[in-house]
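These protein sequences, in sequence, are chains A and B.
For what it's worth, numbering that gives the first Met the number 0 labels the leading residue of the first sequence as 0, then goes sequentially.
For what it's worth, numbering that gives the first Met the number 0 labels the leading residue of the second sequence as 0, then goes sequentially.
Keep in mind that a hint or two might mislead.
Copies of one chain are not kept apart here, so a pair can be met inside one copy or by any two copies together.
[Claimed, not checked] Derived pair list, reagent style EDC-like, types lysine to aspartate or glutamate, alpha-carbon separation capped at 16 Å:
| no. | residue 1 | residue 2 |
| --- | --- | --- |
| 1 | K190 | E217 |
| 2 | K306 | D281 |
| 3 | K51 | E123 |
| 4 | K146 | E402 |
| 5 | K313 | E209 |
| 6 | K146 | E84 |
| 7 | K306 | E358 |
| 8 | K338 | E55 |
| 9 | K146 | D406 |
| 10 | K154 | E342 |
| 11 | K208 | D407 |
| 12 | K417 | D106 |
| 13 | K429 | E55 |
| 14 | K255 | E312 |
| 15 | K417 | E57 |
| 16 | K338 | D430 |
| 17 | K338 | E404 |
| 18 | K400 | E458 |
Keep in mind that the hints were calculated from the coordinates and are not lab data.
There are 2 protein chains.
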Amino acid sequence: MGKTKKYCYGLCLLISVAINILFSINLYVGEGQWGEKKHEDSCQPVLSWSEKAAAEAEAVAAISCSGHGRAYVDGLVFEGQPVCECFDCYGGSDCSELSPECFADADSGDPVFLEPFWMQHATESAVVISGWHRMSYRYADYTTMSKELENYIHKIHLLVGNAVTEGRYIVFGIGSTQLLNAAVYALSSNKTSSPSNVLASIPFYPMYKEQTTFFNSESFEFEGDTYSWQSNNSTNNIDVIEFVTSPNNPDGELKKSVLGGKTIYDHAYYWPHFTQITGPSDHDLMIFTLSKLTGHAGTRFGWAVIKDKDIYEKVLNYISIADLGISKDTQLRVLKLLKVAVEGYGKPLFEFAYNTMRERWDRLTSVLSKSTRFSIQKRHPLHCNFFNETRLASPAYAWVKCEREEDDDCGVVLEAGKIIGRAGSIFSAKDRYTRLSLIKSQYDFELLLKRLTELVSHENGSIATM
Amino acid sequence: MGKTKKYCYGLCLLISVAINILFSINLYVGEGQWGEKKHEDSCQPVLSWSEKAAAEAEAVAAISCSGHGRAYVDGLVFEGQPVCECFDCYGGSDCSELSPECFADADSGDPVFLEPFWMQHATESAVVISGWHRMSYRYADYTTMSKELENYIHKIHLLVGNAVTEGRYIVFGIGSTQLLNAAVYALSSNKTSSPSNVLASIPFYPMYKEQTTFFNSESFEFEGDTYSWQSNNSTNNIDVIEFVTSPNNPDGELKKSVLGGKTIYDHAYYWPHFTQITGPSDHDLMIFTLSKLTGHAGTRFGWAVIKDKDIYEKVLNYISIADLGISKDTQLRVLKLLKVAVEGYGKPLFEFAYNTMRERWDRLTSVLSKSTRFSIQKRHPLHCNFFNETRLASPAYAWVKCEREEDDDCGVVLEAGKIIGRAGSIFSAKDRYTRLSLIKSQYDFELLLKRLTELVSHENGSIATM
């Protein structure tokens with residue numbers, strides 16, 4: 000029995016010591032050294048100088064503002080953190096206070112409808128800019144334009160099939176806005192005794208006239224509506240520059256040059272979510288904007304696609320003299336956004352965008368189909384090469400017409416129904432027309448539809464009240 | 000003896016079991032559960048959507064390019080990563096190949112001398128921009144300018160004491176470049192029969208003439224040198240707009256208005272690292288640029304400080320019509336950079352910048368003091384309010400004059416010594432003068448000094464060879 004007890008002690012001791020050894024091995028292998036934790040891969044501190052900025056951005060993005068606003072890293076600061084910037088009709092420090100009777104603001108072409116897409120693609124679309132990123136005036140090739148970004152401009156056009164860019168020159172601008180005027184300068188006459196006549200077809204985007212008039216150059220004059228001018232003049236010996244917006248702002252119509260001479264094609268809306276892509280546009284001077292492609296209006300980025308080298312150099316010269324080239328921070332950001340835009344052959348972005356626009360048009364036409372007081376532009380089925388099917392367009396704006404004879408100021412009629420649009424006269428058309436923006440946030444659209452539904456439902460009531 | 004052995008076994012077993020218990024406690028406490036590692040705070044995954052972009056930025060920043068170049072996130076891509084963009088005189092895929100006979104390029108006012116400061120302040124100066132950052136055309140207050148950034152513009156001026164901004168209006172532009180022309184438009188005559196005469200004192204920054212001529216408005220004309228114009232004209236009934244650059248580009252002189260009428264003060268260089276701050280500038284229209292304050296020329300950001308409301312609205316209108324406001328990505332980045340600039344009462348930034356410039360001037364004057372062939376502008380001690388001492392200025396450029404009668408084209412002389420400068424005639428002065436940039440990288444400056452030293456050392460040799 001004593002021997003058994005001794006064997007038990009011995010065996011237990013052996014087992015216990017073996018366990019000691021196992022624990023020790025586990026401790027040594029599981030830690031870098033004795034007493035120091037070894038980090039697994041997911042624990043590795045992987046970031047250094049960028050971590051603080053990244054954490055700050057994420058913390059600010061996580062501020063919910065009751066779901067009715069946004070906080071931004073560069074917002075005004077209150078009690079140590081950026082304030083909530085509330086959506087229309089909401090207020091209070093956390094945007095929780097609704098003003099139920101507020102107006103539906105459908106005035107601006109602010110393309111915020113794409114914001115949800117970018118929030119869903121947060122990882123791929125984030126960009127980190129170091130404090131020393133591209134401090135120089137110029138890129139390595141001595142230009143003020145990013146070659147890599149240029150490559151992606153070519154890519155997106157090839158993918159969408161909406162413009163011929165091969166062998167063409169590209170110039171970047173602060174939005175397409177800046178390039179519109181650059182194009183006018185580039186195309187305009189050298190003879191100050193006979194300045195170029197700048198024209199656009201009513202209804203047209205007012206900036207063409209505003210800019211041309213404002214810059215007040217000896218080389219050009221804004222002369223109004225193309226058709227009217229054509230009726231009264233011959234282009235023989237008269238220098239003309241024609242703006243053609245296709246699809247048009249405000250009515251979404253696909254348009255061509257009337258005069259067939261020097262033409263600036265404004266293709267801001269020539270993307271599959273607004274209109275059918277009938278083929279790659281192949282004109283001498285075409286202008287596009289990021290605002291209506293990805294929705295980043297605040298970034299201020301546009302580009303011109305130019306055939307003729309001489310015109311290209313003039314447009315480039317304009318940008319150089321106006322501002323020594325556009326921000327390199329902007330160009331980096333745009334590159335990031337376009338990399339996301341071209342993923343999956345563009346389908347994720349354009350399907351999201353198109354589905355949003357299509358649903359809005361379906362719901363809008365449904366509401367207005369019940370109206371005899373208001374009409375909107377007709378849409379006709381056309382084949383879209385990008386989506387490879389015949390479909391209706393889904394323009395950025397509804398071009399609303401007040402049909403009753405006494406409603407010659409449609410804006411007033413809509414305003415009485417708590418809707419703010421943009422008057423037809425802004426587009427050199429009659430105020431019987433009003434433009435309503437369909438590209439703002441989902442919240443804005445829902446409110447617009449609510450107000451329109453209310454208005455339409457009152458149509459069979461008293462005419463005098465409205 | 001047997002009893003002792005039994006006690007030994009017992010004691011050893013007890014000790015061994017106790018150790019096992021300790022190991023077990025350590026394992027349980029040190030891990031969340033049995034077998035699962037518990038993460039220490041430094042291991043906590045703290046980032047989500049921004050991590051990938053942050054890691055990418057850091058990886059690219061870590062590409063050394065042999066210390067003779069930079070890789071950027073938006074650089075052209077080769078074999079999956081951005082290429083090295085080499086400093087002047089270096090080449091090869093890793094920028095390790097030196098061209099020993101290459102020229103010292105001192106032509107451009109590219110303010111890369113501040114890059115090391117920003118690399119040293121990597122954490123505070125990094126910025127992360129989410130994919131949905133400020134997509135709208137407008138800020139919450141419906142303007143196109145960040146209020147928080149405006150606050151920091153006021154802060155930096157208050158801190159440096161170089162401009163009165165309280166109660167003044169601020170307008171942002173794409174670099175000061177854009178604001179120069181905006182100011183001309185804002186100040187110019189409404190009567191096209193008598194356009195405003197735009198003037199600047201030789202030697203002057205060529206952009207004033209280039210822009211005014213290029214935009215070719217009916218409202219203004221560039222009429223040349225202020226002094227010459229003054230000799231031949233009276234300002235009675237003639238509308239004039241005078242550019243005053245102080246400190247001047249190219250010669251660094253502190254200047255005042257000659258005519259005392261409508262004046263645009265270009266204060267691009269009125270910072271303590273270039274000149275003494277003699278007091279806060281208090282003029283009706285003053286223009287500044289980020290390029291020469293923080294070195295971020297590529298960002299394209301400038302601002303105007305305006306007294307008169309009417310002029311302010313005209314400048315704002317210009318920006319609005321030219322491009323619907325400047326990029327919000329740029330404004331966010333600038334805010335980040337200015338937050339760093341104002342830290343420590345601005346001392347870290349301005350001491351770094353000034354010490355760099357002072358050392359360069361000390362070394363330059365030392366080299367050129369041995370020369371009778373080349374002279375540079377005289378500098379006079381003045382009290383600097385910011386650094387609170389009397390000191391010499393350290394201008395951004397050396398305004399070199401070739402003293403020998405036969406050297407009427409100083410550029411040619413310097414070029415023979417493998418130095419590229421900017422000809423005096425670019426500044427409407429004689430080509431006997433050349434501007435040499437002293438604000439490029441340390442590498443560029445060392446090469447410039449080397450070439451100058453070689454040139455000066457040859458002065459006592461054959462005149463015919465040079």
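Taking the hints in turn, this is what the structure says about them:
| no. | hint | result |
| --- | --- | --- |
| 1 | K190 - E217 | both (9 Å within a copy, 14 Å between copies) |
| 2 | K306 - D281 | within (9 Å within a copy, 49 Å between copies) |
| 3 | K51 - E123 | between (19 Å within a copy, 8 Å between copies) |
| 4 | K146 - E402 | neither (51 Å within a copy, 44 Å between copies) |
| 5 | K313 - E209 | between (21 Å within a copy, 14 Å between copies) |
| 6 | K146 - E84 | between (36 Å within a copy, 13 Å between copies) |
| 7 | K306 - E358 | neither (37 Å within a copy, 50 Å between copies) |
| 8 | K338 - E55 | between (24 Å within a copy, 14 Å between copies) |
| 9 | K146 - D406 | neither (53 Å within a copy, 41 Å between copies) |
| 10 | K154 - E342 | within (11 Å within a copy, 43 Å between copies) |
| 11 | K208 - D407 | neither (24 Å within a copy, 50 Å between copies) |
| 12 | K417 - D106 | within (12 Å within a copy, 60 Å between copies) |
| 13 | K429 - E55 | neither (50 Å within a copy, 53 Å between copies) |
| 14 | K255 - E312 | neither (25 Å within a copy, 37 Å between copies) |
| 15 | K417 - E57 | neither (37 Å within a copy, 51 Å between copies) |
| 16 | K338 - D430 | neither (42 Å within a copy, 48 Å between copies) |
| 17 | K338 - E404 | neither (51 Å within a copy, 59 Å between copies) |
| 18 | K400 - E458 | within (15 Å within a copy, 82 Å between copies) |
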